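Protein chains in written order, with the working numbering: chain E, 1 to 222; chain P, 1 to 244; chain X, 1 to 151.
Calculated from the structure, these hints are not laboratory results.
Hints are not guaranteed to be accurate.
To be verified - Under the rule of at most 20 Å between Cα atoms (straight-line distance), these lysine to any residue pairs were calculated in the SDA-like manner:
| no. | chain 1 | residue 1 | chain 2 | residue 2 |
| --- | --- | --- | --- | --- |
| 1 | X | K4 | E | S2 |
| 2 | X | K4 | E | E88 |
| 3 | P | K152 | E | F8 |
| 4 | P | K114 | X | K4 |
| 5 | P | K172 | E | P168 |
| 6 | P | K114 | X | Q99 |
Stated by the list, open to error - According to the in silico footprint, chain X covers these stretches of chain E (three or more CB under 8 Å from chain X):
| no. | region |
| --- | --- |
| 7 | 67-75 |
| 8 | 140-150 |
Just so we're clear, the structure is a prediction, and the values are computed from it rather than from any experiment.
Using N, Cα and C, we set each Cβ at its ideal position, and we do this for glycine too.
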Amino acid sequence: MSPIGALFVRELRLATRVGGGALMGALFFLIVVTVYPFGVGPDLNLLARIGPAILWIGALLATLLSLDRLFQADRDDGTLDLILMGEEPLELVVLVKCAAHWVATGLPLVLISPLLALFMNMEPIAIGSTMLTLAVGTPALTFIGAIGAGLTVTLRRGGLLLAILVLPLTVPILIFGVAAANAPVLQPAPFLTPFLLLSALTLFSAVIGPIAAAAALRFTSD
Amino acid sequence: MALIDYANPTRFLGLVEKLLPWLGALAALLIAVGLGLVFGIAPDDYQQGATVKIMFIHVPAAWLSMFGYSIMAASSLGTLIWRHPLADVSAKAAAPVGAAFTFVCLVTGSLWGKPMWGTWWEWDARLTSVLVLFIMYLGLIALWQTLEDPIKAGRAAAVLTLVGIVNIPIIKFSVDWWNTLHQPASVFRLGGPTIHPSMLWPLLVTALGFTVLFVTLHLMAMRNEILRRRIRTLRMLQASAVAG
Amino acid sequence: MTRKQRRLTMIGTAGAVLALAAGLIFWALSDSVAFFNSPSDVMAKRLPPEQRIRLGGLVKEGSVVRGEGTTVRFEITDKAVSIPVTYTGILPDLFREGQGVVAEGRMTGEGSFRADHVLAKHDENYMPKEVADSLKAQGHWQGDKGAGAPK
Numbered sequence: 001m002s003p004i005g006a007l008f009v010r011e012l013r014l015a016t017r018v019g020g021g022a023l024m025g026a027l028f029f030l031i032v033v034t035v036y037p038f039g040v041g042p043d044l045n046l047l048a049r050i051g052p053a054i055l056w057i058g059a060l061l062a063t064l065l066s067l068d069r070l071f072q073a074d075r076d077d078g079t080l081d082l083i084l085m086g087e088e089p090l091e092l093v094v095l096v097k098c099a100a101h102w103v104a105t106g107l108p109l110v111l112i113s114p115l116l117a118l119f120m121n122m123e124p125i126a127i128g129s130t131m132l133t134l135a136v137g138t139p140a141l142t143f144i145g146a147i148g149a150g151l152t153v154t155l156r157r158g159g160l161l162l163a164i165l166v167l168p169l170t171v172p173i174l175i176f177g178v179a180a181a182n183a184p185v186l187q188p189a190p191f192l193t194p195f196l197l198l199s200a201l202t203l204f205s206a207v208i209g210p211i212a213a214a215a216a217l218r219f220t221s222d
Numbered sequence: 001m002a003l004i005d006y007a008n009p010t011r012f013l014g015l016v017e018k019l020l021p022w023l024g025a026l027a028a029l030l031i032a033v034g035l036g037l038v039f040g041i042a043p044d045d046y047q048q049g050a051t052v053k054i055m056f057i058h059v060p061a062a063w064l065s066m067f068g069y070s071i072m073a074a075s076s077l078g079t080l081i082w083r084h085p086l087a088d089v090s091a092k093a094a095a096p097v098g099a100a101f102t103f104v105c106l107v108t109g110s111l112w113g114k115p116m117w118g119t120w121w122e123w124d125a126r127l128t129s130v131l132v133l134f135i136m137y138l139g140l141i142a143l144w145q146t147l148e149d150p151i152k153a154g155r156a157a158a159v160l161t162l163v164g165i166v167n168i169p170i171i172k173f174s175v176d177w178w179n180t181l182h183q184p185a186s187v188f189r190l191g192g193p194t195i196h197p198s199m200l201w202p203l204l205v206t207a208l209g210f211t212v213l214f215v216t217l218h219l220m221a222m223r224n225e226i227l228r229r230r231i232r233t234l235r236m237l238q239a240s241a242v243a244g
Numbered sequence: 001m002t003r004k005q006r007r008l009t010m011i012g013t014a015g016a017v018l019a020l021a022a023g024l025i026f027w028a029l030s031d032s033v034a035f036f037n038s039p040s041d042v043m044a045k046r047l048p049p050e051q052r053i054r055l056g057g058l059v060k061e062g063s064v065v066r067g068e069g070t071t072v073r074f075e076i077t078d079k080a081v082s083i084p085v086t087y088t089g090i091l092p093d094l095f096r097e098g099q100g101v102v103a104e105g106r107m108t109g110e111g112s113f114r115a116d117h118v119l120a121k122h123d124e125n126y127m128p129k130e131v132a133d134s135l136k137a138q139g140h141w142q143g144d145k146g147a148g149a150p151k
């Protein structure tokens with residue numbers, strides 16, 4: 001197996017074993033979404049209208065909160081130093097780690113979103129569009145979040161700072177993601193335009209995220 | 001004199017001490033003349049009436065909020081590529097000043113928006129992107145506050161600053177790319193300004209005054225940061241002397 | 001693969017991904033993301049009454065009628081279609097005939113619009129009143145025409 005393939009498998013195994021915390025993100029997502037009806041009241045029409053936005057914000061928070069361990073566990077046990085000194089380009093390693101992280105924590109969010117959408121009383125077409133936009137958009141959140149994870153890797157409790165640094169950068173993703181998810185319900189709004197922009201943002205962040213995160217890891221390492 | 005000559009902090013501090021009184025006086029003079037022109041000479045707008053006076057504060061503050069971020073981005077390149085020792089001092093010093101001007105821009109815009117548009121705040125592309133800029137300034141300041149080692153903090157902030165630079169063209173062109181509530185550019189646009197000269201000149205004088213004020217504050221903050229780092233080094237030396 | 005080849009492959013892939021992203025953006029920009037809908041859009045789409053929208057355009061000349069209290073009726077036009085609007089509340093200073101406005105609210109059944117919020121859109125022109133008057137007198141007046149009109 002190539003080193004990159006081996007790294008991907010290792011990351012997945014680490015994330016899914018006991019103590020890896022892969023499903024914590026999905027659980028957090030479930031809790032956040034469940035809390036909304038208590039806040040806004042059990043108005044099913046209102047929930048159906050703001051449902052896509054709730055799911056998107058829940059996915060955003062769940063992704064960001066799961067990211068602070070992206071490089072920290074490797075730093076704690078010394079793997080990060082090996083990776084930094086290793087043969088493989090650091091950008092590629094970060095990309096693979098992000099991909100594995102998304103499969104372990106982002107994909108479950110996408111998969112349980114239809115179930116949560118039913119709690120929100122959303123229409124079938126809105127459920128479909130929300131799931132599709134989450135599938136396309138959450139990788140961008142992981143890639144951009146990786147920059148924050150790289151910047152805060154040396155901090156003991158970097159989770160909150162990571163969210164503060166990364167949230168402003170995720171605003172466009174949220175805007176276009178929710179716009180596309182809402183489009184089938186709000187008839188005059190076009191679906192394709194925000195969806196294309198969302199896809200473009202994901203591709204951009206797939207390049208910018210690993211490069212910036214690798215730079216952050218290099219510059220802040222001892 | 002090349003920029004590299006001022007890599008020596010002592011030489012830089014000497015230059016700053018010489019420049020600061022002049023810059024401060026120039027800023028005060030320009031702003032005084034500018035405000036005099038604004039309230040004495042500049043006429044009321046045909047539609048906005050006297051509310052147009054807010055524009056003379058709002059527009060320079062908006063320019064400088066982006067100018068401040070551009071200084072930080074240029075300094076970040078200096079930190080990461082050329083490793084100029086004063087680059088991260090410059091970036092760190094520009095952040096609070098830039099954040100303050102962004103705050104002034106948001107507040108004055110809000111005060112103008114209530115009577116003119118009929119709302120304090122609207123989530124259109126221009127307003128949202130400037131708010132994002134403000135939050136990014138605060139996030140960068142938080143990053144500097146959290147990382148203890150100034151060298152590491154400077155590099156981390158430089159990476160984040162360069163990623164955040166995408167927001168600057170979005171702010172500038174948001175009014176052209178989207179149907180925003182905010183009006184399009186009046187001064188820096190193809191085909192010349194759409195502000196009558198009787199208002200344009202006071203605006204330019206005020207803007208120049210604010211820019212000099214920005215530079216003055218930036219240099220003062222840089223001086224303070226250099227001194228702060230010296231104190232930190234002295235304390236560490238002292239502590240290690242006691243320990244040893 | 002040697003180190004150099006691998007680096008070139010990585011740079012090439014990154015460039016291709018960025019180019020693809022740029023392509024998607026240009027494709028998307030052919031359909032503009034609007035802060036508001038123009039009257040023509042609204043009429044063409046035939047919206048359901050419960051749907052909240054923003055209707056943007058110019059206040060039609062001579063259409064403003066003040067009703068009892070603070071109720072105002074006017075028409076929003078984009079020079080092709082105009083839609084009657086009713087609004088109760090305080091209008092912004094810049095609201096006047098020929099000026100660009102954005103109204104938030106819902107369509108009623110009879111093809112009129114009930115606004116619960118009216119925003120005035122300002123244009124990029126700043127000039128003293130005397131200059132505006134003399135421009136109007138000389139027939140060079142071009143203001144107002146673009147303000148708020150959808151591009």
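Here is how each hint holds up against the structure:
With a CA separation close to 18 Å, the supplied pair K4(X) and S2(E) stays within the 20 Å bound. Taken as a hint, the K4(X) and E88(E) pair is honoured in the structure, with Cα atoms around 12 Å apart against an allowance of 20 Å. Taken as a hint, the K152(P) and F8(E) pair is broken in the structure, with Cα atoms around 29 Å apart against an allowance of 20 Å. A distance of roughly 59 Å separates the Cα atoms of K114(P) and K4(X); the hinted pair therefore is violated under the 20 Å criterion.
Between the alpha carbons of K172(P) and P168(E) the distance comes to roughly 17 Å, so the proposed pair stays at or under 20 Å and holds. Distance check on the hinted pair: K114(P) and Q99(X) sit about 17 Å apart at the alpha-carbon level, within 20 Å; holds. By the rule of at least three residues with a Cβ nearer than 8 Å to a Cβ of chain X, the coverage given for the region 67-75 of chain E is violated, with 0 such residues. Against chain X, the region 140-150 of chain E contributes 0 residues with a C-beta closer than 8 Å to a partner C-beta. That does not satisfy the three-residue criterion, and the hint is violated.
Against the hints set out earlier in the document, violations occur for numbers 3, 4, 7, 8.
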